[in-house]
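Undergrad: If you read the sequences in order, they're chains A and B. The opening residue of the first sequence carries number 3 in the numbering used here; numbering runs sequentially from there. The opening residue of the second sequence carries number 2 in the numbering used here; numbering runs sequentially from there.
Quick caveat, the hints were computed from the structure, so don't treat them as lab data. Note that CB positions come from ideal geometry on N, CA and C, so glycine has one too. Mixed in with the good hints there might be a few duds.
[As the list claims (entries may be wrong)] When the alpha-carbon atoms are kept at most 20 Å apart in a straight line, the in silico DMTMM-like pairs for lysine to aspartate or glutamate are as follows:
hint, chain 1, residue 1, chain 2, residue 2
1, A, K949, B, D275
2, A, K75, B, D124
3, A, K949, B, D388
4, A, K949, B, D124
5, B, K55, B, D101
6, A, K960, B, E401
[Unchecked claim] Some residues of chain A that are not near chain B, with every Cβ distance over 12 Å (derived):
hint, residue
7, F82
8, T215
9, A392
10, V547
11, L743
12, S862
13, Q946
14, G956
15, D984
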Amino acid sequence: MSNNKYWQSLEQRDETPEFKEQAAKEFQDEMPVFDYVDDTTKVESTGRRDFLKMMGFSISAAAIASSCKIPVKKAIPYVFNLDQSSRIPELVPGIADYFATSYAEGGDFSSILVKTRENRPIKIEGNTAAPFVKGGTTARAQASVLSLYDVARLTQPKKKGESITWEQADSEIAKKLTKISAEGGKIVIISNTNYSLATQKALATFKAKYPTTQVVTYDPVSLYAIRKANQITLGESIIPTYLFDKAKVIAGFNCDFLGGFVNATENAKRYSANRVPTKENPNMSRHYHFQSYVSITSASADYKHSIKPSQEKAVLMALYNKIAASTGASSLANVTISDLQESVNKLAAELLANRGESIVISGTNNVDIQLLTNAINAMLGNYGSTIDTAAALNLKQGNDEALKALSDDTSVKAVLLLNSNPVYDSVFADKIKNIITKAELSVSFADRLDESAELVQYITPDNHYLESWDVLEPKKGYISFVQPTINQLFDTRQAFVSLSEFAGATTTAYDLIKSAGEGFTTGFIASLGNTSWESALQTGFINNVSESASGSANLSATVSAINTKLPTSNGIEVIFYESVALADGKEANNPFLQEMPDPITRTSWDNFIALPYTFAINNGIKAMSQDSTVKTAKITLANKEVVLPVIISYGQAQDTVAIALGYGRSQGVGPAAFGSGQNVYPFLTYDNGTVSYSAGSAAYETLKGTHKMGMSQRYHTLQEDNNLYNRPRRFRNNIVKEANLEQFRKDDTAGNEDRAKIKDHLTTLYKGYDSPGHHWSMAVDLNSCIGCAACVISCNIENNVPVIGREEMSNTRSMHWLRIDRYYSGDPDNPDVAFQPLMCQHCDNAPCENVCPVNATNHSSEGLNQMAYNRCIGTKYCANNCPFKVRKFNWYDYQGNDSFGGWNDPTDASYMYDNLTRMVLNPDVTVRSRGVIEKCSFCVQRIQASKLTAKTEGRPLKDGDVKTACQTACPTNSISFGDRNDKNSEIHRIFFDNGRNYHLYEEQHFMTNVGYQVKIRNTDEEPEFTFVGAKEDKA
Amino acid sequence: MSNCRNGFKIFLLLIAFATILPFKAQAYNLSVTFDDLSDADIAARVEEGKKLFKANCAACHKVDGKLTGPAMADVWTHWDSQAKLIKWVQNSQELVKSGDPYAVKIFNEYNKQVMSAFTQLSDDQVISIIEYYVQAEQKGLGKAKEAVAAGGGAESSGPSSGPNKWILFTVIGALALIAISLFAITSKLDGLVHQGADGEPVKQESLFSKFQTKKLVSILIIVGVVFLGYNIVKGAIDLGRSQGYQPEQPIKFSHALHAGQNKIDCQYCHTGADKSRHSVIPSMAVCMNCHKYVQEGPKYGETEIAKIYEYSGWDPVSSSFKNAPKPIEWVKIHNLPDHVYFNHSQHVKVGGIECQTCHGNVQEMEVVQQFAPLSMGWCINCHRQTDVQFANNDYYSIFERYHDEIKKGERANVTVADIGGTECAKCHY
């Protein structure tokens, strides 16, 4: 029996001998030396002559390499336009410029700042001045800068695969459109949600010229039911802003509002604002979640309950009845939900106790379910307090019914695909495919040869958003600008300019967005002078959203519209969801996102069938594979089948499986997307006016086949060793510490009681390091970390961390400097989850430093554990001796940067290998080559840059001047960084005045410079495993 | 035939004479010649004229060739009197208004651009400029003098580099080896020749065998090993270093002229040095700030400046940018490895280090060469020896302990190394 409170896998929980052996190893797999050596060259047949031959070759190769002349380097100054009248402000090489622009993709929107160096965008940061979010982005927004340099992008307009000029495309398309329009033929523009005012203006121009035009908007992952239900409840077909920061009780129903859904960045910011109790204000919201699959939102919940998708309506009805009984509203038909009734009663009681300070939210695209949540929110008086209907979101405007009508329309003569790929990601893919192939004219604005663009006659490729002008209105009253940060890389053109051109209106993107201002709902552009327009552009946004929430609901209309018929449940139910990394799959060819481990299952490069624990065991799936080989299974649903690897997802509802959308792309989408996972969009069904993202009556069959999967949680395991030989048990430290809110209120060191004792007993023979100036430290709050992995991608891009590909990921060679370990505790069928971002801990007593034979890693007077790549000879002793397993070894020349690059790189590791993609590299950070160790540097380049700024300005460095890449990306502010020697700094307060702060393996006296803050759960029950040592001490 | 040809020649001469005659009639005669004054006097007046010319005229006039204004050589041939020319210089507009035909003509010819009035110049000073300096320049007297003055420094050659010495040593070593082996062979042959009838060699003391003791041989071997080892190690350390690197540049730009003689500040062109990581190679816009007007250099004349015009697309005749600019591919001299982060502003702005500390006396270099070895040892040494600008920069106020020690007199200075300037992650990340 184990005492392990937290586990990453069942083997770890049970401490099987295999697991112990595995975890103790530095590298999980044997070195695959013999894979590369065939029989004829095996050791026994290598004779003296062969040895001499090889020796001779190596020596002469080395001699040739070293006798080469030093290459002549050129210093070529910029060629500016020398004409004084049109002189652009000179750029100074080496100094970064920042541009305010906006990231908008699917349900994700952020006002961002783009860092450009020598005129190339190299990094995305959240715009800290922007309202609601104030910095922080999603992982996808971070990675989007790499999409700019995507080799799969189309470089010029195409006609049936042949390159043509823009003039030719414009004249031919316009001619055909005129003909079709004159004949009264139907022209359809199929678009994903767009809230670009410029595009809307261009569409108006287009419609005026071709009056038979119809615009159909759909979303791959639709929230049409919310708009439809709100039409009844609020009288407007809107999606409101949910003010999670004002809610004391949050009840989520299959709604991944932190990772997917809509407006996740703002949701995460607001949600976390009310999730961190302090000594002064020991309060936090309580989060209930009823889920079918494990999302990062359900992982953050205090109380979570597994339900099947078909049960959701019944649970909501039970909750409604319970609340209606107290508020006096009319009740609905009685439902029995057996074992969940108790939980619903508890939730109802708490919701009633917090009227006007709670949110009930569902992400299910079903009108009845949305009406039920609306009714409950209305009874609780949440509209106008925690749900702001005035600040309506313009994201996710897709209309499922319109798409259905289109798919049945046989009279379509021309199809234009505006920012959409319906042949891949719509529920009516086959019918739309038919329409496209039969149409007299088909045009796609896709930036690559995607599944739909393959079929059309003309492709008029759109710019990347970092090359574009635009004005967006993501939220009523909030305008965010898009401005180019680089000249166009290819001969592409913005879609709204193309639309105007087709309509015969010659214009430029800039003119169009300026004139689009006339149509602004708030009409402010007209009142702005030219300077104001430019300063608005520089700020990046204009905000007219009211601070106070408003809204009122029509309860009776809502209740009477609810269809109380319950769905029947039979067999296995399948849930199709958006993964945190890829979402709807638009950015599937972004290798950073493909390689980003899924926050819950920690897999990469493929989608998979997420199985519930008991179900998996019953079907003969081993809890965790000892290598990266996992079994595959077949899911059959309505005569369609898909074969995918199976992964156990602890907490997945019984008799359900979940599969992520967005994978299984065609070759034209690009090398990273092609061959990754399977497409499950064809399984979506259209049901009673909305698209359904779950389905029942599926058949499951485990297959004999296996699949090699990138799995990053089966290695780099931190062990809680309960049997440390010569240490008293009371010093047993925990890696994750937690307490509940009640315990925290009584004692702010709850869950962290051992720390005082550990500190008392620490003595050392070492002198320690002197930090006369700065002492850099980081603190991570486990309470507000939601596991969204934005920090991981931000770190990758800032620090030139290579992409290594599926093969190498499955070889346990992940290069991420920062990983987010996911820990479970409790019942494997519904465990609690904790996320722990883990990077180099910069120990002041670092085990890695003592073992390096060449002193390549050593300590600085500022508390940094330094890594000199060019001194490293690759013994990997440091990686072996690192208790946190955060040191990564470059097995290959992943970036192809050295002169012998490309020699023996595995083929699928070459995503970052061409000159175009390498433009994303940060010029301030060394690109590592093969054979050296690398690891988190605390973003030392940023530290040095901020110090230099302070020095040139002749002032002391202020707290907050240095922000690491992970810190700026975090939408929930869970990472703090600063100078511990500065008594006024936040990090000083956390380290010396916050009872929740603890350090990993503190009893081993590593003196880490990264602190973690105890996770506090707002549950009534104390954590299942309480601290053993503390109890013993008391006894 | 020949008569006919001679006749034709005479005819041409007559025409030429006739053409020149009217102008000749208009021109005034120079009041001075170089013959009727002492050398010292001439030199003094030429020098005065040169100074005045540089200060007042050079922005718009060249001695030969048009600039904003006409060429100065032979100006006197266009004016009918010296007084008029002096008056023109002192206030050209007055002369134009008075309706002097040549003044009006020249005014119109140069787009009615008004020449500044130089009322401060005395008649004598104008004469110094026109009749001494311009005449001297035109005759080549001035140029010759300057050439003599500049001649000494022009012949700079690259320093003898490590590899050259190494080759020399290798050759000497090889020759020595050959000499020794030849000597051994001859003595062996000698021994054979002197063999006795019974096959026993006749004992014969040779000079070589006298030295052929074990002790000497081992000393020679040790010396050889040490010598070779030293050179191999030294060569290996120098691999990839290029102190003294002096490549030829696409334009023979002279720092000695610009930074030395003309005393242009380094940062006038290298604008990034005080604010960026890079000191910045100036763009052509910076060159053209001056070279729109300065069309001729002292050493290469117009040839090198013409290259800037070629690159920048400037047309000196129409004074406008006519063609598209092309980049100049300068050869980078100071190369740091990619894994080294160096920031100019840290050293120039914060540290207050002179450019010359690392780049040498660039203001004396006709062709720039790498002055410092740019090795890590060289960097570190400087960091150990150089004091931080501790007192005047508030940033360093956080180093309270050092400030206390200075106050108490326990510490005289704070070097870069004291605040962590020799740690890896200061330059390698």
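Undergrad: A separate judgement is required for each hint: does it hold in the structure or not?
TA: Each hint tested on the structure:
Between K949 of chain A and D275 of chain B, the direct Cα distance comes to roughly 15 Å. Compliance with the 20 Å bound is thereby established for this hinted pair. A distance of roughly 56 Å separates the Cα atoms of K75 of chain A and D124 of chain B; the hinted pair therefore is violated under the 20 Å criterion. Proposed proximity of K949 of chain A and D388 of chain B is supported: the alpha carbons are some 18 Å apart, at most 20 Å. Between K949 of chain A and D124 of chain B the alpha-carbon distance is near 62 Å, which puts this suggested pair outside the 20 Å criterion.
Distance hint between K55 of chain B and D101 of chain B is unfulfilled; the C-alpha atoms sit about 28 Å from each other, more than 20 Å. The hinted pair formed by K960 of chain A and E401 of chain B meets the criterion: a straight-line CA distance of about 16 Å does not exceed 20 Å. Not every C-beta of chain B lies more than 12 Å from that of F82 of chain A, the closest at about 5 Å, which undercuts listing it as non-interface. A cut-off of 12 Å between C-beta atoms confirms that T215 of chain A is not in contact with chain B; the least separation is 43 Å.
Annotated as non-interface, A392 of chain A keeps its C-beta farther than 12 Å from every C-beta of chain B; the closest such distance is 46 Å. No beta-carbon of chain B comes within 12 Å of the beta-carbon of V547 of chain A; the shortest separation is about 39 Å. The claim that L743 of chain A lies off the interface holds: its Cβ sits roughly 38 Å from the closest Cβ of chain B, which is beyond the 12 Å cut-off. Its closest Cβ contact with chain B, about 4 Å, brings S862 of chain A to no more than 12 Å, contrary to its assignment away from the interface.
Distance check for Q946 of chain A against chain B: the nearest CB is about 7 Å away, which does not clear 12 Å, and the non-interface claim fails. Non-interface status of G956 of chain A relative to chain B is broken: a Cβ of that chain comes within 12 Å, the nearest being about 5 Å off. At roughly 7 Å, the least C-beta separation between D984 of chain A and chain B is not larger than 12 Å, which violates its mark as non-interface.
Hint check: violations occur at hints 2, 4, 5, 7, 12, 13, 14, 15; the rest are consistent with the structure.
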